[in-house]
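Student: Assemble the whole structure, with the sequences as input and the hints as a guide.
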Amino acid sequence: MNGTWVDILMDAHRIFGILIIIYVAMSAAVYLILTAAAAFSLWRDRDLSEIQYSSVLETEFIPPLSIIVPAYNEEINIVGSVRSLLGINYKQFEIVVVNDGSKDRTVEIMREEFDMTEVKSRVPFSGLKKETKPIRTVYRSLRHPNLVLVDKENGGKADALNVGINVCRYPYFVSLDGDTVLDPDAFIKVVKPIMDARPGEEIVATGGSVGIANGSMVDSGHLSSESVRLSNKPLVVMQVVEYLRAFLMGRIGLSRYNMLLLVSGAFGVFKKSWVVEVGGYETGTIGEDMELTVRLHELIRRKKSKARIVYVPEPVCWTEAPESMTILKRQRTRWHRGLYESLRAHKKMMFNPRYGRVGLVSMPFFLLVELLGPLVELLGYFTVVFGFFLGRINVEISLMLALVMLLFGSLMSTMSVLFEEWRFHNYNRVSDTFKLFFYALTESFWYRPVMTLWRTQGLFQAIRGKKHGWGEMTRVNVLGANKKPGTIQGAHPVPPEKKE
Amino acid sequence: MNDADILRILWIAAAVLILLIGLILFYLVERKVLRTRYRKQVAEAVDRLAAPDSPLVDYLMSGERSRRLAASGEGLRREALEEALLNRLTVSASQIERERIYDFAAYYFTEEYAYMLEQRRWSDRMNVLLHIEKFQMTGLKDKIIDRLDGLKEHPSHDDERFLLVRTLSSLQAKETFDYFDIAEKRFSELQLMQMLRPLQGELLDRLIHEFEWFPIRIRYCVLDTLRLGNVRTNEVLELLENCMRVEDREMRIRALKALANFGYITPAAADHLEARMIESETVSWPERLMHARLAGMLREERFVPHLETMMADPSYEVRREAASSLANYRNGLERIGRIAEEHPDRFARDMAIETLERRAYERNVG
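Protein sequence lines, in the order shown, are assigned to chains A and B. The opening residue of the first sequence carries number -11 in our numbering; numbering runs sequentially from there. The opening residue of the second sequence carries number 903 in our numbering; numbering runs sequentially from there.
Please keep in mind that the hints were generated in silico from the structure rather than gathered at the bench. Among these hints, one or two may not hold up.
Unchecked claim - As a list, the in silico DSS-like pairs of lysine-lysine whose alpha-carbon atoms are at most 30 Å apart:
id: 1; chain 1: A; residue 1: K294; chain 2: A; residue 2: K336
id: 2; chain 1: B; residue 1: K1087; chain 2: A; residue 2: K79
id: 3; chain 1: B; residue 1: K1054; chain 2: A; residue 2: K294
id: 4; chain 1: B; residue 1: K1087; chain 2: A; residue 2: K260
id: 5; chain 1: A; residue 1: K260; chain 2: A; residue 2: K292
id: 6; chain 1: A; residue 1: K291; chain 2: B; residue 2: K1087
id: 7; chain 1: B; residue 1: K942; chain 2: A; residue 2: K423
id: 8; chain 1: A; residue 1: K260; chain 2: A; residue 2: K118
id: 9; chain 1: A; residue 1: K336; chain 2: A; residue 2: K79
id: 10; chain 1: A; residue 1: K91; chain 2: A; residue 2: K117
id: 11; chain 1: A; residue 1: K221; chain 2: B; residue 2: K942
id: 12; chain 1: A; residue 1: K294; chain 2: B; residue 2: K1087
id: 13; chain 1: A; residue 1: K317; chain 2: A; residue 2: K118
id: 14; chain 1: B; residue 1: K1054; chain 2: A; residue 2: K292
id: 15; chain 1: B; residue 1: K1045; chain 2: A; residue 2: K292
What the hints assert, rightly or not - Okay, the calculated bits of chain A under chain B, using three or more residues with CB under 8 Å as the criterion:
id: 16; region: 28 to 35
id: 17; region: 376 to 385
id: 18; region: 404 to 418
The beta-carbon is built from N, C-alpha and C at its ideal position, and this holds for glycine as well.
Tutor: Okay, structure coming up:
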């Protein structure tokens, strides 16, 4: 009796081990493919001169943009943010600040600072077919005719964005987090794909890389490449590596095949007509940006359109990364819940050939690698420990396997540092390169296991259906808590496997 | 497969990975070191060249190339010179100085740029095109045409094609016209505008005279280009007035927009405008908006009643435009004041009040 139990356990363990090996091999393959795709894109553009933007900037042809800035209890930052936006390098734009029923003096401060008067007439209405919380008043600045303030009742960030979409005038709008620090040429950089779209090819949305501002000098709300410095804090450097990998490898690779599922909420340009057609932002979700992107893809597929969602590798905005474990944990579990929600809401697209590459490749990728990855990884650790007790583990092989996976992860990280150097050279000192490289090597020993744990926790929270509180959703200043660095958390050094 | 085999494979994998990581790290650090050093040298050289007593500044002031200039900053001459000259172009540069910069560039860079246009590296070719454009190096025109003709049809070359054509047009090459057909198929509207906008003089005249023969997308963009370039000739006026009567709605809107910028139309065209304003119910809102704008520029009494009607237009944008057009008229603000009090439509009254507030503020500030 006892013997059969052990046998079953052994068999189960063996099968489980094989499954995990297959999983690891497949996700490694996916990363390799993404890296190759990204390398291919970046290789062509390496060392391209910055004057490509100056010649575009001088032209009057750049499409006008509506910049929507949702604000909730932002009395401290809002004036500074708006000022820095008014000073951007761009020919024609309007700024729509949407006050989401703040409890502080956001509206009063805006009104005083920018000489805002009430707009009496009905404001333009884009025809978004979605209930929004009622607008109290619309103000327009007398000093800056392109500055509008919408005061509405509280309804969350997504609701504020929807109101902004309704009120704004131009065919393209930008969604912006209140605390995003912009590159001075951010708008030109993200709009370039729209300007360069071939006839018949529509650009539905574009987004750019998000960088980490900690340690850099931010000058009146802008951060240009020359002033970027690498922070000294290990936790921050680790996140820099993580962001580089996520943006430079993951997103470029996915965008190349029009499979990008996420245009970051921190900074994205969207074509209004498409967003209106899909019904705007979904309220009550955490990852409203990913959710919207997925729905845009769905519409593109349904219409059999050639429209594209494009990613610009250039770092266009900078965000402050959490420097404490507590906040980082909150951020990561939140992202994971958001990912779960978005995927769940669109499960009919999953493995559905009608949705082409998005349904067959990127959705499953996000499900299997991104969402379930941490769980599988944890299970892997358990399998090893369990195997050890069952006496089925060859210590030597296990250690070697662990080493190989670790090296593979490091290779991926190193590649992303290389990509950064090819295209942007933001971190100019050699010591920075070594620092990034060294941290990339140590990642697997401390950062990664912690992330795995938190993300798994996030997954369970999501499955249990943890609701997100109010403040959590709207407070855009929880040190960048609304930004996703994207998708790729590095190759998975899944734990060493037992012998066969 | 036994344990030993697995172990061997793993060892090999680990070795390969370590080798790869090592190689990348080496490449990365080497690149970084070289680049940092190089950038520093270039920056220093640029500073030297920008100093008031540098041979380059001498030349730009006097127009004479000294021997000292030819000898300065050998080695990294090109990049440092390029940067120094570009800085001068953006910062100051009188017409004479511009000419001197172009002469200088033509003299020193032509050969190297011609060589670099053939480089295998895409970003090298793009960078050199951007510089040719900035330095107006007409001598390289034929090279660019060769390159364009040698370019494969495939869309993956469209970025390069566009930059080549744009450079050609900014060099005022008449051959630009030969590429209109492929441009209309491959370039975005904004790219087309960038291609058309630099054309001047005879080439601009050709745009107007041969208008009818161009593909439709090019024609749209020509209208916009004329507007942005503020071209004011009788030919342009005639062309725009013709275009405001065509079947194609998009064409009409762009023509109206250009006419509003032009600020004048012939009496016959004004009659047509009035007729269109009367039948406004069948007209789309962007076109109504342009009607309002044009009427505001013309300031002819007969448009006033139509603008007043437009103050109650269903579209906010049209109301706003109508109000600001009315404000341009003699006694415009008084008229708007009356609308604010008397107009039967609430939206019209609201818009009138908003306009008055804005104007009052602008008066106070200005």
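Student: If a hint holds in the structure, say so; if it does not, say that too.
Tutor: Consistency of the hints with the structure:
1. A:K294 with A:K336: With a Cα-Cα distance of about 22 Å, the restraint between K294 of chain A and K336 of chain A holds, given a limit of 30 Å.
2. B:K1087 with A:K79: holds (27 Å)
3. B:K1054 with A:K294: Roughly 23 Å separates the two Cα atoms, so the pair holds.
4. B:K1087 with A:K260: Between K1087 of chain B and K260 of chain A the Cα gap is close to 25 Å, so the pair holds against 30 Å.
5. A:K260 with A:K292: Holds, at roughly 19 Å.
6. A:K291 with B:K1087: holds (22 Å)
7. B:K942 with A:K423: holds (22 Å)
8. A:K260 with A:K118: Holds: K260 of chain A and K118 of chain A sit about 14 Å apart, inside 30 Å.
9. A:K336 with A:K79: Since the Cα atoms of K336 of chain A and K79 of chain A sit roughly 42 Å apart, the hinted pair is violated (cutoff 30 Å).
10. A:K91 with A:K117: holds (28 Å)
11. A:K221 with B:K942: Roughly 28 Å between the alpha carbons, so the hint for K221 of chain A and K942 of chain B holds.
12. A:K294 with B:K1087: holds (15 Å)
13. A:K317 with A:K118: Not satisfied, since the Cα-Cα distance of roughly 33 Å exceeds 30 Å.
14. B:K1054 with A:K292: Satisfied, since the Cα-Cα distance of roughly 28 Å is no more than 30 Å.
15. B:K1045 with A:K292: The given pair, whose Cα atoms are some 41 Å apart, is violated under the 30 Å limit.
16. 28 to 35: This one holds; 4 residues, not fewer than the three required, reach chain B with a Cβ under 8 Å.
17. 376 to 385: holds (count 3)
18. 404 to 418: Per the Cβ count (7), the hint holds.
Of the numbered hints stated above, those contradicted by the structure are hints 9, 13, 15, listed in ascending order.
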